[in-house]
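K.L.:
The lines below spell out each chain.
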Amino acid sequence: MANLKALRGRISSVKSTQKITKAMNMVAAAKLRRAQDAVEASRPYAVRMERVIGTLASGMAGRDDAPKLLAGTGADQKHLVIVATAERGLCGGFNTNIVKAARAKIADLLQSGKDVQVLCVGRKGRDALRRQYGSLIIETIEFAGVRNIGFEHAQPVAQKVLAMYEDGAFDVCHLIYSKFESVLAQVPSVAQLIPAQVADADTVEQPDLDGAVYTYEPDEEDILRALLPRNVAVQIFKALLENGASEQGARMTAMDNATRNAGDMIDKLTLIYNRQRQAAITTELIEIISGAEAL
Amino acid sequence: MADRIQFELVSPARLLTSMEVDMIVVPGTEGDFAVLPGHMPVVSTLRPGAVDVYVGNTDKPSERFFVAGGFAEVALDTFTVLAETAIPMADLDRSDLEQEISNTREDIEDARSDEDRQASEERLTQLEDMLNSLAEFTRV
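If you read the sequences in order, they're chains A and B. Note that the first sequence covers residues 1 to 295 in this note's numbering. Note that the second sequence covers residues 296 to 435 in this note's numbering.
Next up, chain B with everything else stripped away, as it sits in the complex (with noise of 0.2 Å):
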């Protein structure tokens, strides 16, 4: 039995990242979950949150991803995330994400149609989300 595992996220355009790591902590629709290398087979949806990548002996994640959902799969060894939306979580910014749901929020208010409506609500969930899982990370 290999001591590390093989971790592959992957996004329906293209596949985001792939590499060997000691353990993978992911937001499963039950609860969140860590996978480490021997475990057992699972499939799991996920719900919008953090995907923490451990490489090495540490206590800090090495990386850390945003997903907005998806789905995850561990065969022996390998472990494959399938998510829509997945954005490094270096690459969020606070301020911004405050200024962009305040923006969603107006864009709720003006909103002419019903569909245009629940796009940007959609949108504003979504946003709160990523910055739930921010201040998080941040706290960690």
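Same shape as in the complex, but just chain A (with noise of 0.2 Å):
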């Protein structure tokens, strides 16, 4: 009987594909642990870098020389969208998804008649807009083997960034990440990083000062023009920090379901396998009695 063997073989490859996925979810969960607690250890820097250029650039709004990164070059025709995705696949819907927000957002900008330009941060969402966008794609970083992200790894990339800003390559910059919310849900979004889109410094939460003024050494503008592209790397450090846990947060759901549908698919298998096992017996048995009789 070539069905039962072949049956055998099914069953037993299906076996092999679920440890594969058992495996991958326990370390996704391992790794996410990790992510989740980088993105919970960054939180403080942010904080209080924001609370700064908050209550500062309140006081610049509306002037003339205010730094070109808080107000802009004036200009609106060029964009600059950096999208970050993972290096690998096998996490379901996430990198899809941060393309999916990708491709709405670029061809949103075409369609109003931008220049658009494309920074891949990211080997996945290069192949994923490659088709479509590829003239667009000025340039990918990969962080292949890049086991932990760290601010290292964020800087070069903010360096290209201002680098390009500073030689009047775009207007605008936004960043294409995805938020960790829970483990269940990460949601693409798309964030303004050039120019810089600053929290109203009166919803941001301001120490208790007992009626003092802040001092600002040097003066208020050379601090800002300091702070800006820190803020910027800060930004871009955040986002893959948190796209790092995304990742995770997806390959863990990704991969139970897998598993679980792997047990399912394994059940049925045998069911049918043990059927025909069955079948096969009965009929073996009919032949020798009906071998039998006719003696």
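Heads up, some of the hints might be wrong.
[What the hints assert, rightly or not] Here are the simulated distance ranges between beta carbons:
| hint | chain 1 | residue 1 | chain 2 | residue 2 | range |
| --- | --- | --- | --- | --- | --- |
| 1 | B | Ile396 | A | Glu220 | 35 to 45 Å |
| 2 | B | Asp388 | A | Val146 | 22 to 32 Å |
| 3 | B | Asp386 | A | Val47 | 19 to 29 Å |
Quick caveat, the hints were computed from the structure, so don't treat them as lab data. We put the CB at the ideal spot given by N, CA and C, even for glycine.
Two independent chains are provided; combine them into the complex using the hints.
P.N.:
Written as structure tokens, this is what we have:
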């Protein structure tokens, strides 16, 4: 019975697939915890940075000599879109969702007649966008082999973006990444990086100063000029960390589903296998009995 | 008013230290300054150098950190230093640093592209800053 043998083969192959997905699930769960800790740990810096910039920027608003990173170049023609994705697949809809958001954003900008450039961070985003928007991709930054994203990885990206901005290569920069809400929910988000989007000074929680006022050293403008480029790096870093946590969360869910599917499939195949085996035995018995009766 | 000040050293990746101290001396861009409890609120940028933390009534800093620039914020009784690179001075070693510096010098000579050279040069300045503040430290 070749059929029985084929079934046995299929069952064992599904079983080994299940072993792999189960292992990937557990690895993702362990990595997720680390990635979540990293997101958590990066918060104090970002919060304080935002607060100081918020306070300073509200004082600068509307002034002609405000830094370009805050006020923009005055134009809105050339756009840079940074698409941050993962280096690997097999993580459910994670990469697809980011790319979908990126496509929508790019199409939207192109439709309104803007010039668009795309900077891909992560291999998967480049692979997915290459066919449709290949000519717009100016560069891809890959983090292949990077285990834990550190600030030193975000900084070169920020430097590249800032250098391009200085050269007047674009007016507005958006960053597309996946925000980590929970293990089950990762929301692709679009954040405006340049000109800086500053939280309103009123909405930012101010420390209690007992009526005292901050003194700035050197003056406010110089501090703001020093902080804004740093803020770009911090924003990118934050996005990369959120992406890392989202990726592991998405992979965990995807692999959990895959493991369960494999289990269902094994049950179904085993049932068919057993039925066929019994049918084979019955046929053999009938043959023997009818052979004996004929004698 | 508290007689101690809450000091926090934060890098983008994590909160490095958080402790109650008596005095901190930081390298501000316009000169070093010391922060004691009850200091007026200040926001200042930092140049590369040493952050000295004093706990208890001593002349010697109980802990020192090297920071490669950043900024500091004093609000009532809390003092926060935000630095991209912060290393405890005790982890720095003179001979290692000198070795690293000469390696980086070679890198600059061997650099094939302008970008590589620039990166190495930045690294070199940072290392020299480290060595300088370490030299000050051993003198104290």
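K.L.:
Please go over all the hints and tell whether each is borne out by the structure.
P.N.:
Evaluated hints:
1. B:Ile396 / A:Glu220: 35 to 45 Å: holds, 36 Å
2. B:Asp388 / A:Val146: 22 to 32 Å: holds, 27 Å
3. B:Asp386 / A:Val47: 19 to 29 Å: holds, 27 Å
Of the numbered hints listed earlier, not one is contradicted by the structure.
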